[in-house]
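Novice: The chain contents come next:
Number of protein chains: 8
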Amino acid sequence: MSDFVMDWEREGRTGVPEAVLCASKSVAQVEAILKEAAMAGRRLLFTRLEPAAFEALAPECRAMLDYDSLSRTAWCGSLPPAGAARDGIGIVAAGTSDLPVAREAARTLEFLGFSAPVVADVGVAGLWRLMRRLEEIRAWRVVIATAGMEGALFSVLAGLVDAPVIAVPTSVGYGVAAGGTAALHTALASCAPGVLAVNIDNGFGAAAAAAKILNKM
Amino acid sequence: MSDFVMDWEREGRTGVPEAVLCASKSVAQVEAILKEAAMAGRRLLFTRLEPAAFEALAPECRAMLDYDSLSRTAWCGSLPPAGAARDGIGIVAAGTSDLPVAREAARTLEFLGFSAPVVADVGVAGLWRLMRRLEEIRAWRVVIATAGMEGALFSVLAGLVDAPVIAVPTSVGYGVAAGGTAALHTALASCAPGVLAVNIDNGFGAAAAAAKILNKM
Amino acid sequence: MSDFVMDWEREGRTGVPEAVLCASKSVAQVEAILKEAAMAGRRLLFTRLEPAAFEALAPECRAMLDYDSLSRTAWCGSLPPAGAARDGIGIVAAGTSDLPVAREAARTLEFLGFSAPVVADVGVAGLWRLMRRLEEIRAWRVVIATAGMEGALFSVLAGLVDAPVIAVPTSVGYGVAAGGTAALHTALASCAPGVLAVNIDNGFGAAAAAAKILNKM
Amino acid sequence: MSDFVMDWEREGRTGVPEAVLCASKSVAQVEAILKEAAMAGRRLLFTRLEPAAFEALAPECRAMLDYDSLSRTAWCGSLPPAGAARDGIGIVAAGTSDLPVAREAARTLEFLGFSAPVVADVGVAGLWRLMRRLEEIRAWRVVIATAGMEGALFSVLAGLVDAPVIAVPTSVGYGVAAGGTAALHTALASCAPGVLAVNIDNGFGAAAAAAKILNKM
Amino acid sequence: MSDFVMDWEREGRTGVPEAVLCASKSVAQVEAILKEAAMAGRRLLFTRLEPAAFEALAPECRAMLDYDSLSRTAWCGSLPPAGAARDGIGIVAAGTSDLPVAREAARTLEFLGFSAPVVADVGVAGLWRLMRRLEEIRAWRVVIATAGMEGALFSVLAGLVDAPVIAVPTSVGYGVAAGGTAALHTALASCAPGVLAVNIDNGFGAAAAAAKILNKM
Amino acid sequence: MSDFVMDWEREGRTGVPEAVLCASKSVAQVEAILKEAAMAGRRLLFTRLEPAAFEALAPECRAMLDYDSLSRTAWCGSLPPAGAARDGIGIVAAGTSDLPVAREAARTLEFLGFSAPVVADVGVAGLWRLMRRLEEIRAWRVVIATAGMEGALFSVLAGLVDAPVIAVPTSVGYGVAAGGTAALHTALASCAPGVLAVNIDNGFGAAAAAAKILNKM
Amino acid sequence: MSDFVMDWEREGRTGVPEAVLCASKSVAQVEAILKEAAMAGRRLLFTRLEPAAFEALAPECRAMLDYDSLSRTAWCGSLPPAGAARDGIGIVAAGTSDLPVAREAARTLEFLGFSAPVVADVGVAGLWRLMRRLEEIRAWRVVIATAGMEGALFSVLAGLVDAPVIAVPTSVGYGVAAGGTAALHTALASCAPGVLAVNIDNGFGAAAAAAKILNKM
Amino acid sequence: MSDFVMDWEREGRTGVPEAVLCASKSVAQVEAILKEAAMAGRRLLFTRLEPAAFEALAPECRAMLDYDSLSRTAWCGSLPPAGAARDGIGIVAAGTSDLPVAREAARTLEFLGFSAPVVADVGVAGLWRLMRRLEEIRAWRVVIATAGMEGALFSVLAGLVDAPVIAVPTSVGYGVAAGGTAALHTALASCAPGVLAVNIDNGFGAAAAAAKILNKM
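Protein chains in written order, with UniProt numbering: chain U, 1 to 217; chain F, 1 to 217; chain L, 1 to 217; chain H, 1 to 217; chain P, 1 to 217; chain X, 1 to 217; chain D, 1 to 217; chain Y, 1 to 217.
Simulated from the structure, these hints should not be mistaken for laboratory data.
Keep in mind the model is a prediction, meaning the values are calculated, not measured.
Hints are supplied without guarantee of correctness; some may be wrong.
Distance condition first, Cα-Cα at most 27 Å in a straight line; then the derived DSSO-like pairs of lysine-lysine [what the hints assert, rightly or not]:
#1 K216/L - K216/F
#2 K216/X - K216/D
#3 K216/P - K35/Y
#4 K35/H - K216/U
Whenever a hint applies, use it, and build me the whole structure from the sequences.
Specialist: Below you can see the structure in the form of structure tokens.
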């Protein structure tokens, strides 16, 4: 069990607790970490836990987890009471294909004590869809935007709102857009200032950064 | 002089006459080609003729050319009479930095017998700039759009007009946008259908394709 | 149902209706979109619907669709009457491996009300194959060309016809051609002017652009 | 003068006024924009104005500008009174070679009405240099960090502070680090959550985003 | 059997015996090599022998091998007596996901007659985890470090110890870190001198180089 | 002077004598090598000797060299008598911009004792130019072809002749063709078998390989 | 059947008959081509026919083919009589993992009427393995060399023999060598002149080029 | 002057003192650092100090430095007495073009108290050059090897000696070898174990690592 060392102090030090990226971990490793959290009485967030990997966990482990298959996230331990959730952060998804990443951000925020609405299917090919939701979006203090393909939504949004836009490029697309690099480069090279990028498909990171911003206000 | 063979038949065969890309040719080569055109009584378009290269040409060669330093284009021979220029094509430039490429397209179209207005500085960071020109743009049958950095203009435009959009990504930008690949990938991966891409900074190619489209109508 | 917002106005605004890229959507999402289209009495095109995904749809959903497995396209709703289909667009495929992409373009055009012949297996390794079909191709007003590997067909074709050539690089190939980038770069860097590129394997986009061109004539 | 259209409303709409990226603009274009700002009674920020380009401006233009050669920034018009500058943002530079980018951020913040200290030469090869400044850094509400080469500072910093870290990768380095991509990828792939990236060398963008964050608090 | 030629003299010539990379070899080829080693009375190391490939070997082949599924390594023949193992080399793993590569290095060293401890889960997001093990690490004469994602551990470690650091970037990560290139570039561009890199996931190569270093002391 | 060791035996061993790539050598190094060749009574080929570097050589060194500025090649020592030059190799250049590389091949062949005609300006945008020279080209036993941009000439040529085609991609082009990678990939991914590639702009290497082929006949 | 057009004249025109790349063709397409060849009484080579695809063919199709699973090649029709096979070409494989590609070259040569020995497992990590076969290799008129990983064999070989070396980089390797680009770049950038490259894993292309060379002697 | 913070403790902590990379520093910054070192009575190494930058330093600064233009290195302060220099490290340079990088390593080692011979011009195109020096090279405990182009020397060398080989890929080359990535990938993917890589052109880093190795013996 000495192969992992949880950084339980991280929340106190950085405002965001450690989370477990399950993508390259074995089932046995995930189970061991989960049990250590349980023994320590800690709550813990798991990301990129594929449905097949969740199903492969021991029943008592699955029972400890609140799992969501669309976002592939899970947590053990209790959440802050619903009424206590803070607002100020919102999430925009360019298309329905971006919803898994948007939901990863929303679930992470829920775990961190924030309540974040998701506004979906507002890609710029039909600008009116974004415009009719603009008033709602403008009320947020931090905007998380998820988009794949060419990611033009990031620039359009940043030119319309006065909140910072955290861009999460997604790996949705094919050809030159495969893997998400085209959308990432759009986020980084945006002609509208105020766009901040995280790694491709990193809904968790966007949520963590947004929480850090609000925590310091 | 046997080192080049002008394809004078190209206009008859493809609708667009051969043009001379000067970027990797010596001054002596450009002069020889120009003289051959003169002797053959042909008119000819030169692209990427840098001001320093133009200045290095023999005076009698310079005298034969109508040169524009912003677009680095030149031609010898007469144009179609101004009144005869056809319309239907228009050019949009996202920013002032994209004007050299937009002008290369406009000059090429002028040489090919078309009159094409340029609408400049309509980048999506300030959408209102594009919106107030939209009615004008919607009247065109082919839209040529030039943009660098992340190139989000291509997607926004293609979602708003019913004409085909020929996207010319420009090498304007730095970091991940240096060289123009980010804008090119936006054009290719656009979420709005109907975007057609040419090579980075290739205003000439966009104009040639637009002319081919109108020629076949 | 609030996670997607169909842009039903797109056809009126841009001449081409919205289509659904199924590649990164779940079966449930595709079914929901299909049902919304049915309820709205709208016809709708689906692309990249893999045979396995089609088979996974509910029977009543499959029954609503006209599905073609080679091109992985489907549509619901009625087509324009066959006699009403417009012509002027043709499709060239360099090899038999490029036929799925060529067929995606052909099916899209059929959905959009155009009739487009496909001329196949005319790769430049045996130029005579292209030459014997040249008269037929020269009659088209817009040429869609699909080719993988090195994509030399794009340049040869553009030097022989006076119609614009919409190049669809395909992901057919291996080594440096894997993924289609080599063919894409050939389309963009073609020495023959008048080549316009869409994303790799994007037969749909080529068809949409071709339709926009003819719609504006 | 019709070739550019200043987006004067941008500050009201997004909280950050438009700035002029001079890198790909001619001297004449910069002069024209400066004069338009003067006539409109607007203050305006210029970035990437190389010393040689600044020297090439007409004397009356130079006289209107507050120019800094290290950061290659300039502005016309008055600043907010010094005493009114808001704090809460700080800047960290990994090495002395990163100072031009750090200064671009600091000057942008000054123009936007913020006062931001710069903590320099705290690269992780000698961790004690960062540790002895840590208390000071922890007091900031937003940290802007500039680093080239491998950019390891971003991860170390984000693991030590509870403020969001805006990472500005710089093009300082050679070999695999040339151009700044290695540092950019470190920012995006950081094992410490809460790192937000802007484009390589984009000190302006980092400052604009930081200002948007504080403006919304 | 003439298709492979074992380089049995390699250990005498270079200090490290030949090993067999199984990744692109068929089961039949692995079996044939194993039998040749047995007949020659040689001991031999196999790397990248996937569990499925190991299971596919003939039972008498499996019986000859000491196999470890986490590191996907196997060997035939006897090891040096345990008490004779030399020390001086240690291995650090940034996270639990890097353990397979760390174990490949440890098993290779065991095969080569070295005993190497593994210190795991000391990623820089929680620096205290590294610091509390620092005294132990500083006692080693060669440090092998494995890390994925952005690989910042390499730089931090090299700034804290006086032994050479052999960096093994791992393919752990996603987006810009997928495949391990981001971590590799960090190793190569480290601001702390004394970092030496091997190929991504190449725990075997790191161990071989470390053994060569100690063999020459 | 002990810093270089001429491989005078190379011609006997491999059929092609060593040549000196001057691009990254100092003037002093080139002079020293030239003097060593003179003292040894050896003839020697120099490539990539830029005009400025040639001018910087000491007068007695320049006097020893037969220099050609277009191809940037030089040699010292005598050539085989003109009448003795062997034929069977020919060179094709797609455009006039490819002539420097074609000439490097031709000069290298001359130095190696071969006489090679150059057929220029036969790019595939005007196929008739190639067709009218085809009979001449078909008589060669080895074809060296130089082309930049998209390099489609390689495929067309290889489909028309029965000799092997050695493709020399050139760095002529811009955008996606900048640096020559697009043409290189066309050579490697050609749909016509029998294309063999050398490095970008490597006219010398193509000539050396062609000479080796004929030497072995 | 109209979707493919066999280029039966290719052998007469170029010396090498058309072959069928099966990788991206459906079983039905392969069957149709095979039947057309049978009806035309033509012999035909198939490459990249995976064992699973071969097994999926109709029994009467399989019966027509001479199939080899290691090289994934097949042919229909008769070969030249064994005694008539020409020699002069030989194949070198750096490691056993490169044998499938080496065998694709050998089988192609057999189909084309050549007999080519394969010398395997002569990688440069143990130079003596190459040296002891050198006399044999030096007798060949064309050397085909296959190597993955870093491909250093190409340079060493070309410095030792006077025949042209056709380098076939293979996709054997991982990390920076994954996909074969590292070996390809070694072939292209070799310090020993006379190396000619084909695409990664393209044993067929190397054999076709070698045959063209010998056919012209 | 507070913009840089020398890490004077680094030698005690890591065995190698801090050095100053001058490439992206201004003349004023270099002068200030030099003066601080002088005031502190410290000796200090400067790398990548171009001749023009050295000439631009104030005369009193130049007088403090021992400068070498080939390697672009300089130091202030005294060296260890010549007789005290330790041996055990040697340097190999594939070609004369690699000598600047080899010399950077040699000068760094001299500064660190080691004496390292340089064996030059032993590229693998003429293996005999390496073989005749092999006995000398085999006596070293650490081999530093510099090579550009395809870098095959790294693999050949590592297969012949029992010391670790620190590979320094150089940016010597063109086409696919431009910038040094091809040689770097050869070092990383070498088929001979025991190759350790540093960044392209990083002679300093290779020397620092070699010194760390010997310091720990």
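Novice: A separate judgement is required for each hint: does it hold in the structure or not?
Specialist: Hints versus structure:
1. K216/L - K216/F: Within the cut-off at roughly 12 Å; holds.
2. K216/X - K216/D: The given pair, whose Cα atoms are some 12 Å apart, holds under the 27 Å limit.
3. K216/P - K35/Y: violated (41 Å)
4. K35/H - K216/U: violated (41 Å)
Violated hints, listed in ascending order, are 3, 4; each of the other numbered hints is respected by the structure.
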